[in-house]
Amino acid sequence: MPAQHEYGKTAVSNRRIPLWLDPRKVLIYILLPVYIAYQFQDYSHYGVKSYADSEYYIGGFMVLVSLFAGMLCGCWFLDKHNFITIDRFSIETLKLMLMRSFRVLMFLTLAGYLIWFMPVFLDPQKIVTMFSEHAYNIRGSVSTIPGVSTLTQFGPVLSINIALLNGFKLLKKKRHRFYILLFILLVLMRTVLWSERLALLEIIIPYVVAYYPFVRASSCLQWWYRKGAILLIPAVILLFGIFEYFRSWNFYKDSYDSYLSFLLQRFSAYYSISINNGIGFLEEYNEWPYFIGAYSFDFLYKLPFFNFFRNEYERIAESYGTFLYLFARPEYTNQTALFSIVADFGFLISSMLYFVYGTVLGALFVGYRRQALFAIFIFPVGILSLYEIFRISYLSTSRSTYVIIGIIYLYINGTLFIRGLRRKSAISRI
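Each residue of the sequence shown is one higher than the one before, starting from 8 at the first, in our numbering.
These are computed hints drawn from the structure, not numbers from a lab.
Hints may be right or wrong, so weigh each one.
[As the list claims (entries may be wrong)] In silico SDA-like pairs for lysine to any residue, Cα to Cα no more than 20 Å straight-line:
hint, residue 1, residue 2
1, Lys32, Val72
2, Lys102, Lys32
3, Lys180, Arg107
4, Lys176, Leu188
5, Lys180, Ile98
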């Protein structure tokens with residue numbers, strides 16, 4: 008029996024989707040202007056060498072065009088296919104499926120956070136220090152635990168799960184709300200304590216994207232989604248400013264006339280200098296392409312048992328560190344995903360890889376609009392990786408490993424659960 012729930016009544020395939028949820032429009036109206044603006048940035052007050060006049064900057068446009076072409080291809084190709092859509096299932100089926108994954112993901116995520124931050128809980132003075140002017144220094148006393156603290160990276164997938172449960176109005180028990188509140192508080196604590204603003208974006212963006220199909224076209228919330236493209240930048244700057252105050256204002260307050268000027272300059276630097284680092288590394292070191300996937304498969308090289316090309320990987324990391332010291336600022340370590348992949352494979356192969364990435368993203372977007380089960384779980388993380396493309400190569404970092412594992416778990420849990428119900432139904436008819 009088809010499901011009679013809000014997801015089916017508010018299908019996003021029948022309405023114009025907000026600009027900031029469409030990867031094609033995100034690239035054209037948000038990312039492309041940022042890339043063009045890089046050329047007009049003044050880098051003298053950052054103390055870094057500018058590479059805006061490099062020929063590699065023009066090559067970046069070729070990669071972006073390949074990405075856009077892939078998105079168009081993915082949207083066209085998958086638009087002709089049928090999917091297993093979420094509105095085919097009853098609300099009881101969805102409740103059982105989502106609650107089971109909610110319990111597993113919540114347990115693993117909370118366990119990772121609580122073990123990781125146990126030294127803080129055992130020493131309350133650290134919590135006071137965290138919100139003082141020396142907050143940045145607390146990182147040295149709260150070290151990560153390999154294999155344990157990384158469990159916190161189930162958070163983005165848990166956020167998607169929570170959005171679906173909330174959309175279906177299945178979070179009615181107080182203990183569930185308590186767990187969610189604890190989860191949010193721990194993420195906020197990590198954002199300040201560990202200076203990871205991305206940790207907060209990793210739960211906000213997937214949640215907002217996953218929840219959108221439940222928003223009725225006539226609701227007030229729909230207006231906020233519509234104006235998201237306009238409100239997104241000031242909201243991100245405001246969020247950035249709140250946490251940057253604890254992180255670095257104490258070190259730079261004597262160098263700026265006001266906190267606002269510091270904030271705007273700092274925010275623009277995080278993206279423009281990442282692009283500048285990417286181009287500069289190609290310009291100053293002519294040994295690329297390396298062809299070992301040092302950046303594309305960074306998560307593999309972070310594994311202790313993965314020893315292939317280990318010496319070459321460490322040499323490349325050392326070269327980049329030297330580049331930051333000589334031509335850039337070690338404080339701004341990020342290298343845009345656009346050119347880190349180029350350093351791995353060159354412009355031609357990188358353009359082909361970005362075409363494939365764009366195709367997958369376009370296909371997921373079509374699936375998301377048509378309520379395909381697989382796309383509902385994957386697309387929120389896919390669009391997050393697109394937003395971060397000028398800062399980091401999100402999907403190739405070690406932090407995304409558990410995110411991908413969590414998505415695979417969500418999908419397998421859903422498909423196996425539904426197949427099990429079908430088998431039981433078939434047996435009962437015999």
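Verification of the supplied hints:
At most 20 Å may separate the alpha-carbon atoms for a hinted pair to count; Lys32 and Val72 meet this at roughly 13 Å. Between the alpha carbons of Lys102 and Lys32 the distance comes to roughly 34 Å, so the proposed pair goes past 20 Å and is violated. Among the hinted pairs, Lys180 with Arg107 is consistent with the structure: their alpha-carbon atoms are about 15 Å apart, no more than 20 Å. Of the supplied pair hints, the one linking Lys176 and Leu188 holds, its CA atoms being roughly 17 Å apart against a limit of 20 Å.
Of the pairs offered as hints, the one joining Lys180 and Ile98 holds, with about 17 Å between alpha carbons and a cut-off of 20 Å not exceeded.
Against the hints set out earlier in the document, a violation occurs for number 2 only.
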